[in-house]
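> Sequence:
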Amino acid sequence: MTTFYAVSHLAEMSPLEVHRLYKLRVDVFVNEQQTPYVEIDDVDALDSTFHMLAWSNDSGNRELVGTARLFPAEWEGTPVMQLGRVCVVPSRRNTGLAPELIRQTLRLSFEQEPGRDVVLTAQEPLIGYYREFGFEPTGELVDDEGIPHQPMRLAAAKLAELITRK
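Read in order, the letters of the sequence shown are residues 1364 to 1529 in the working numbering.
Since the hints were derived computationally from the structure, they do not count as laboratory data. One or more hints might be untrue.
[As the list claims (entries may be wrong)] Calculated lysine to any residue pairs in the SDA-like style (CA-CA distance at most 20 Å, straight line):
(1) Lys-1386 - Ile-1403
(2) Lys-1521 - Gly-1509
(3) Lys-1386 - Val-1401
(4) Lys-1521 - Leu-1504
(5) Lys-1521 - Pro-1488
[As the list claims (entries may be wrong)] Quick list of simulated restraints, FRET-style, between CB atoms:
(6) His-1382 - Arg-1528: 36 to 42 Å
(7) Gly-1423 - Ser-1454: 26 to 32 Å
(8) Glu-1499 - Arg-1425: 35 to 41 Å
Everything numeric in this text was worked out from a predicted model, so none of it was measured. By construction, the Cβ of each residue, glycine as well, lies at the ideal position given by its N, Cα and C atoms.
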């Protein structure tokens, strides 16, 4: 099974790629996790938003198997890069795809804005998972549509160490 990663802005994607991106996210966040929030937002379409796409190419059939979103934001008055909307199709979970998707997205953040911290809000059960990438909890849990989320931050210096380590 061959997996490749592509980075795109929404405006650069074909209509079918946009459809696959939104279908995956709605399938995971809205249907599977039964979260009643609006999955598609204006951040997706900003020129500064990057969509990391993990594609499977098996026997000529290209399928979107994972995605993450990265965009510049402000967090507690500081410019940061915000990571979010990380999801993987159920059939590719526990295969190493999700950690590689996150590593690829963190590398992109470092390449685009090497001096910026990366922030995210992790669903409570995933706090330990994101700690493995160097993220540290900041502040208290917040309720996001009935799901507890923990704000977390990866310091730019720590990100640089992770990315430049051989």
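> Take the hints in turn and mark each one as holding or not.
Hint check results:
1. Lys-1386 - Ile-1403: Distance ~10 Å between Lys-1386 and Ile-1403 Cα, so the pair holds.
2. Lys-1521 - Gly-1509: Status violated; Cα separation ~32 Å.
3. Lys-1386 - Val-1401: 13 Å, holds
4. Lys-1521 - Leu-1504: With a Cα-Cα distance of about 23 Å, the restraint between Lys-1521 and Leu-1504 is violated, given a limit of 20 Å.
5. Lys-1521 - Pro-1488: 23 Å, violated
6. His-1382 - Arg-1528: 36 to 42 Å: 37 Å, holds
7. Gly-1423 - Ser-1454: 26 to 32 Å: 18 Å, violated
8. Glu-1499 - Arg-1425: 35 to 41 Å: 37 Å, holds
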